[in-house]
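One-letter residues, chain by chain:
Number of protein chains: 2
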Amino acid sequence: MLYWEDFSVGQVFEGGPRPVTKEEIIAFAKRFDPQPFHIDEEAASRSIYGGLIASGWHTIGMAMRMLVDAVMSRYAAIPAPGVDEARWKKPVRPGDTLFLRVEILELIPSRSKPDRGVVRSRVTLNNQKGEEVLTLMPVNLYRRRPAAKA
Amino acid sequence: MLYWEDFSVGQVFEGGPRPVTKEEIIAFAKRFDPQPFHIDEEAASRSIYGGLIASGWHTIGMAMRMLVDAVMSRYAAIPAPGVDEARWKKPVRPGDTLFLRVEILELIPSRSKPDRGVVRSRVTLNNQKGEEVLTLMPVNLYRRRPAAKA
Chain A
1 MLYWEDFSVG QVFEGGPRPV TKEEIIAFAK RFDPQPFHID EEAASRSIYG GLIASGWHTI
61 GMAMRMLVDA VMSRYAAIPA PGVDEARWKK PVRPGDTLFL RVEILELIPS RSKPDRGVVR
121 SRVTLNNQKG EEVLTLMPVN LYRRRPAAKA
Chain B
1001 MLYWEDFSVG QVFEGGPRPV TKEEIIAFAK RFDPQPFHID EEAASRSIYG GLIASGWHTI
1061 GMAMRMLVDA VMSRYAAIPA PGVDEARWKK PVRPGDTLFL RVEILELIPS RSKPDRGVVR
1121 SRVTLNNQKG EEVLTLMPVN LYRRRPAAKA
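Chains A and B are the protein sequences, given in the same order.
First residue of the first sequence? That's 1 in this note's numbering, and the numbers climb one at a time after it.
First residue of the second sequence? That's 1001 in this note's numbering, and the numbers climb one at a time after it.
Take the hints with a grain of salt, since some may be wrong.
[Stated by the list, open to error] Straight-line Cα separation of at most 30 Å, BS3-like style, residue types lysine-lysine; simulated pairs:
id, chain 1, residue 1, chain 2, residue 2
1, B, 1022, A, 30
2, B, 1022, B, 1090
3, A, 22, A, 129
4, B, 1022, B, 1089
5, B, 1089, A, 113
6, B, 1090, A, 30
7, A, 90, A, 129
8, A, 22, B, 1030
9, A, 90, B, 1113
Bear in mind the hints are in silico, worked out from the structure with no lab data behind them.
Hey, can you work out the whole structure from these sequences and the hints?
The structure is reproduced here in structure tokens:
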């Protein structure tokens, strides 16, 4: 298990490829974001997008899964306080393939809780054409390495 | 259908109640956020949370669904550019019931695209005890009312 101390500023993690299917775009959006351009192929084909696009929350969900697989599952993660900014840059469509990039920006020891530290990072998802489709600035918490017994 | 012009600053929308089940907490997290405190009852019961807690992205997904039902489905919504800030204030647990509140903060006509306008709002989710569990500051786009033919 890795700890907060094991991150370094500038460190980069990568994930993917993650293919995106029409079925999962529709299934996610029916539960969480039932707008016509996410769930109705016919309505979506008449929109300016010319076809179905993924809910932005589905795109973030896919990024989160890649982030857990690439980083958080290997480090002692604590539930996170939040996200400073999310931007959906381009539509994500059925047949796209997504790639994750995580760059560690800042490491801040917690003042109030000495057993943990904050990690700020920039998360980006790119599609198979190299276009940025998502940027996310999460605020994550990780446990600090337990002190060796004296 | 309602348009950007039909919002007013200070307007409040409400949604809920939305019950939260253990089954959906686990199902969401297995797909998008498979950390032990979201998917493993036994590990979660040994954590400082004393039991399973929902993925923050699942909590936002539930808020989004309530937002679509209460607001976006009645207005001419366009896919949104992003979110300025999200904060998970308290854990969301199996058996909780969530309530949505949306307050319209700012209405900004688009300079580059005269057919649309930006709506900034503060979205909060409260649980059945009145505790705030989520705050979200989305940036949404809505169509402007088409001009009457001259």
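Verification of the supplied hints:
no. : hint              : in the structure
1   : B:1022 <-> A:30   : holds, 20 Å
2   : B:1022 <-> B:1090 : holds, 17 Å
3   : A:22 <-> A:129    : holds, 19 Å
4   : B:1022 <-> B:1089 : holds, 20 Å
5   : B:1089 <-> A:113  : holds, 17 Å
6   : B:1090 <-> A:30   : holds, 26 Å
7   : A:90 <-> A:129    : holds, 11 Å
8   : A:22 <-> B:1030   : holds, 20 Å
9   : A:90 <-> B:1113   : holds, 17 Å
Taken one by one, the earlier hints all hold for this structure without exception.
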